[in-house]
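Please take these sequences and the hints and turn them into a complete structure.
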Amino acid sequence: MSDARGTGPLRQALHDGWTLRAVSGPQVPPEVDGVTVPATVPGCVHTDLLAAGLIPDPYLDDNETALAWIGHTDWSYETTFDRPGGTHQRLDLVCAGLDTVATVTVNGVEVGRTENMHRGYRFDVTSLLQPTDNTLAVRFDSAYRYAHAHRDGLGDRPNAYPEPFQFIRKMACNFGWDWGPTLVTAGIWQEIGLHGWSVARLATVRPLVTLDGVDGRVAVQVEVDRLADLPLTVRAQVAGVTAETTVAAGQRSATLTLDVPRPALWWPRGHGDQPRHDLDVTLHGPDGDLLDAWHRRIGFRSVRLDTTPDAHGAPFTLHVNGVPIFVRGVNWIPDDVFPTRVTRERLTHRFDQAVDANINLLRVWGGGRYESDDFYDLADERGLLVQQDFLFACAAYPEEEPYAGEVAAEAAEQVTRLASYPSLVLWTGNNENIWGWHDWGWQEQLAGRTWGRGYYLDLLPRIVAELDPTRPYWPGSPWSGSEQIHPNDPAYGTTHIWDVWNTDDYVKYRDHLPRFVAEFGYQGPPAYATLRRALTDEPLAPDSPGMAHHQKAIDGDAKLRRGLDAHLPAPRDFDDWHYFTQLNQARAIQLGVEHFRSHRGLCMGTIVWQLNDCWPVTSWSAIDGDGRRKPLWYALRRAYADRLLTVQPRDDGQSGDGGQSGTDGRPGDGFRTDAGGLVLVAVNDGGQPWRASVTVTRLTVAGDPRAKTTLELDVPAYDTVNLALPAELTRPDEARRELLIADAGDPAGRALWFFAEDREIDYPPAEYDATVEPADGGQLVRVTARTILRDLTLFPDRLDPSAQVDNALITLLPGESTTFTVHSTPPLDPTALTTHPTLRCVNDLQPPVPGPGPGTRTG
Numbered sequence: 001m002s003d004a005r006g007t008g009p010l011r012q013a014l015h016d017g018w019t020l021r022a023v024s025g026p027q028v029p030p031e032v033d034g035v036t037v038p039a040t041v042p043g044c045v046h047t048d049l050l051a052a053g054l055i056p057d058p059y060l061d062d063n064e065t066a067l068a069w070i071g072h073t074d075w076s077y078e079t080t081f082d083r084p085g086g087t088h089q090r091l092d093l094v095c096a097g098l099d100t101v102a103t104v105t106v107n108g109v110e111v112g113r114t115e116n117m118h119r120g121y122r123f124d125v126t127s128l129l130q131p132t133d134n135t136l137a138v139r140f141d142s143a144y145r146y147a148h149a150h151r152d153g154l155g156d157r158p159n160a161y162p163e164p165f166q167f168i169r170k171m172a173c174n175f176g177w178d179w180g181p182t183l184v185t186a187g188i189w190q191e192i193g194l195h196g197w198s199v200a201r202l203a204t205v206r207p208l209v210t211l212d213g214v215d216g217r218v219a220v221q222v223e224v225d226r227l228a229d230l231p232l233t234v235r236a237q238v239a240g241v242t243a244e245t246t247v248a249a250g251q252r253s254a255t256l257t258l259d260v261p262r263p264a265l266w267w268p269r270g271h272g273d274q275p276r277h278d279l280d281v282t283l284h285g286p287d288g289d290l291l292d293a294w295h296r297r298i299g300f301r302s303v304r305l306d307t308t309p310d311a312h313g314a315p316f317t318l319h320v321n322g323v324p325i326f327v328r329g330v331n332w333i334p335d336d337v338f339p340t341r342v343t344r345e346r347l348t349h350r351f352d353q354a355v356d357a358n359i360n361l362l363r364v365w366g367g368g369r370y371e372s373d374d375f376y377d378l379a380d381e382r383g384l385l386v387q388q389d390f391l392f393a394c395a396a397y398p399e400e401e402p403y404a405g406e407v408a409a410e411a412a413e414q415v416t417r418l419a420s421y422p423s424l425v426l427w428t429g430n431n432e433n434i435w436g437w438h439d440w441g442w443q444e445q446l447a448g449r450t451w452g453r454g455y456y457l458d459l460l461p462r463i464v465a466e467l468d469p470t471r472p473y474w475p476g477s478p479w480s481g482s483e484q485i486h487p488n489d490p491a492y493g494t495t496h497i498w499d500v501w502n503t504d505d506y507v508k509y510r511d512h513l514p515r516f517v518a519e520f521g522y523q524g525p526p527a528y529a530t531l532r533r534a535l536t537d538e539p540l541a542p543d544s545p546g547m548a549h550h551q552k553a554i555d556g557d558a559k560l561r562r563g564l565d566a567h568l569p570a571p572r573d574f575d576d577w578h579y580f581t582q583l584n585q586a587r588a589i590q591l592g593v594e595h596f597r598s599h600r601g602l603c604m605g606t607i608v609w610q611l612n613d614c615w616p617v618t619s620w621s622a623i624d625g626d627g628r629r630k631p632l633w634y635a636l637r638r639a640y641a642d643r644l645l646t647v648q649p650r651d652d653g654q655s656g657d658g659g660q661s662g663t664d665g666r667p668g669d670g671f672r673t674d675a676g677g678l679v680l681v682a683v684n685d686g687g688q689p690w691r692a693s694v695t696v697t698r699l700t701v702a703g704d705p706r707a708k709t710t711l712e713l714d715v716p717a718y719d720t721v722n723l724a725l726p727a728e729l730t731r732p733d734e735a736r737r738e739l740l741i742a743d744a745g746d747p748a749g750r751a752l753w754f755f756a757e758d759r760e761i762d763y764p765p766a767e768y769d770a771t772v773e774p775a776d777g778g779q780l781v782r783v784t785a786r787t788i789l790r791d792l793t794l795f796p797d798r799l800d801p802s803a804q805v806d807n808a809l810i811t812l813l814p815g816e817s818t819t820f821t822v823h824s825t826p827p828l829d830p831t832a833l834t835t836h837p838t839l840r841c842v843n844d845l846q847p848p849v850p851g852p853g854p855g856t857r858t859g
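The sequence shown begins at 1 in the numbering used here and counts up one residue at a time.
Hints listed in this document are in silico derivations from the structure and should not be mistaken for laboratory results.
Keep in mind that a hint or two might mislead.
Label-pair distances were calculated between CB atoms; the ranges are [unchecked claim]:
no.: 1; residue 1: A264; residue 2: A311; range: 34 to 40 Å
no.: 2; residue 1: H486; residue 2: G213; range: 20 to 26 Å
no.: 3; residue 1: A775; residue 2: H836; range: 37 to 43 Å
no.: 4; residue 1: T825; residue 2: A264; range: 39 to 45 Å
no.: 5; residue 1: A566; residue 2: S544; range: 34 to 40 Å
Note that the coordinates shown come from a computational prediction; the quantities given were computed from them, not determined experimentally.
Here a beta-carbon is modelled for each residue, glycine too, at the ideal position from N, C-alpha and C.
Now the structure itself:
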């Protein structure tokens with residue numbers, strides 16, 4: 001804001017007229033050396049070079065490898081500007097985010113140096129500015145050179161990847177991950193500008209929002225910077241309540257308490273509405289003039305973490321407004337390697353995808369960044385809970401200076417910035433570092449050197465306790481709650497499950513009975529259109545050069561193949577491989593989620609690895625790097641639905657061996673290789689009781705019934721009911737030819753249980769009829785099964801990259817129909833839309849029988 005008279009506070013962006021050039025060095029290519037290009041601010045070096053046509057798109061083919069030199073190069077940004085008008089006593093250059101090792105000069109005079117991407121900086125430039133043509137320059141030294149120097153000075157420390165990311169306060173995944181490219185950025189990545197002020201300014205505002213019974217309380221904690229020893233007035237207003245206090249001469253802080261009677265509460269999605277209230281804070285001088293102002297929307301809610309020991313160990317249960325919440329979560333990584341490409345519009349779309357998949361929590365993972373204010377504002381708006389990691393991941397971190405001081409300053413700034421968002425419910429100290437110290441051979445390698453323990457168990461909890469006591473803090477993910485208990489003990493606190501995927505088949509999820517699963521995941525490739533945009537491989541193959549480069553996980557393709565061999569027929573070609581690996585990913589995660597949710601009460605949350613990707617890659621994501629929904633997304637939507645019907649094995653109240661929770665367009669589909677006890681589990685995460693009659697039938701794949709019963713469901717809100725199934729239903733006559741169906745006849749759909757693996761089932765060749773009709777913005781594809789169609793899925797992006805479909809992974813019995821709604825810019829060819837490889841099911845690998853085949857007609 002700027003006072004028209006030129007004496008009030010002023011904020012002037014300095015985003016125009018920037019140029020960029022590489023500082024000459026032997027690694028700089030000739031076509032870049034000595035060249036000055038326009039720079040976009042906020043932005044980064046890679047996007048500027050790409051816009052200038054000096055580098056290829058780093059996300060395509062293996063271009064990433066040829067661009068490694070960028071991270072080893074120093075870069076110089078420069079612009080000019082005029083001094084703003086007015087009679088401000090102080091003009092500060094405010095840098096919200098510099099990536100990362102920067103030297104800032106104004107008119108040739110150094111005003112400051114930075115070495116932390118995750119905090120802002122403010123420099124007094126009042127005496128340096130001339131009326132016109134001021135030169136502002138920011139030089140970025142190579143992040144690699146900085147990190148290597150500190151590694152050499154402090155002593156090396158182990159990490160999960162051969163890069164020095166733990167020796168610099170920078171987005172760790174810039175240095176590559178098992179799903180991300182190695183693209184080490186530099187640049188002015190957040191806003192930069194001038195702040196003109198006089199007398200005093202609001203340095204920080206921290207509203208701590210709590211509940212006192214049914215009433216709300218906001219303790220607004222204010223710190224001021226001063227240029228004059230005068231009394232100041234601070235006013236705050238929210239929900240019609242106003243408070244005012246004086247900051248006496250010589251004082252720098254004050255607290256205003258606003259008691260709000262019976263405010264409407266903010267709830268997580270699925271539990272209520274998300275009302276927010278405007279909180280305005282203003283600072284005034286002795287004469288009443290406005291000196292500074294601050295605004296934010298807040299929500300009234302309480303949050304508590306229950307870890308009270310019980311007969312099973314110790315739970316990990318989030319309570320919001322006194323109500324225990326079953327977390328249906330996903331892990332969030334940076335949505336793009338280059339943060340300024342992640343706009344509010346893009347975040348809105350991604351959050352809509354999360355909400356549509358029935359997700360209620362996003363965990364912001366510790367190898368990325370503290371997200372933008374838009375991120376948390378959108379989470380507030382949609383009722384998505386946020387678990388925020390401090391930024392430490394998969395490495396032993398030094399605790400010496402200058403690193404420790406940077407960590408403390410960064411944490412204090414980010415806790416203060418985020419304290420007002422009701423969606424943020426949990427701070428977490430790190431990702432897997434305490435676990436790594438215990439199990440990954442670090443102790444011998446460290447030989448007594450620091451590794452981060454002091455951050456997670458001392459520094460960070462002290463900062464949170466001082467600056468944000470309204471939220472719980474948890475030292476790590478995973479963490480058991482005690483140094484005397486293994487950090488990944490599933491009976492205590494939070495657990496990561498990675499034996500599945502790394503070494504074991506996904507049915508092993510049923511061997512785990514955790515209190516809270518903070519990470520588990522299974523890989524699958526991105527959408528076909530995403531691959532075709534990113535790769536020039538001809539032909540595409542699982543091991544073609546581009547596919548291999550966009551698979552970053554160690555032995556990733558071998559693990560994908562191991563999963564296919566355990567469950568599905570052998571792929572005949574790339575199209576089969578692509579469909580089967582995406583299907584296997586969806587089945588693996590649905591099995592895990594349904595198993596964990598079926599133990600609601602003992603287990604109170606699952607956070608799937610991962611929602612999103614930052615580029616086109618084979619990974620654990622449900623939404624690929626181009627924003628397309630993979631089959632896993634549809635499986636999550638079903639497995640995370642408020643009402644879940646699932647068939648589960650139970651042996652003495654524990655999980656059984658074998659069996660699969662698959663995906664058929666309805667929750668609970670699965671198969672089992674033995675005939676142990678089965679139960680029907682109904683999970684109700686809605687606010688109303690769930691009462692329904694459930695028909696359970698054992699029948700052949702040809703649709704012939706063998707046994708049948710009806711069960712009555714009466715599931716209270718936010719509860720689970722288990723119903724044992726009689727032996728005549730759970731013991732097939734012919735395991736390779738039979739399945740179990742439980743149908744509730746309501747939006748929970750039906751649960752399926754197959755008694756054998758797909759590769760062993762005597763499926764008939766797929767036969768169906770299909771019609772295609774025009775619809776508003778697309779087409780309706782109606783498929784009627786003449787035989788069973790297992791996990792029927794439509795991939796319209798194979799015909800047009802813009803095409804999307806509303807459903808996937810539908811299992812139809814003979815005579816049943818389903819309708820897919822396809823949205824696309826141009827109409828798609830009806831024949832191509834209803835035949836291989838666009839329309840797929842598991843049993844289309846069987847040779848067709850003589851006689852009429854699939855029919856297509858257009859309406």
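(request) Against the structure, test the hints numbered earlier, and report the numbers of the ones violated in rising order. (result) 2, 3 and 5
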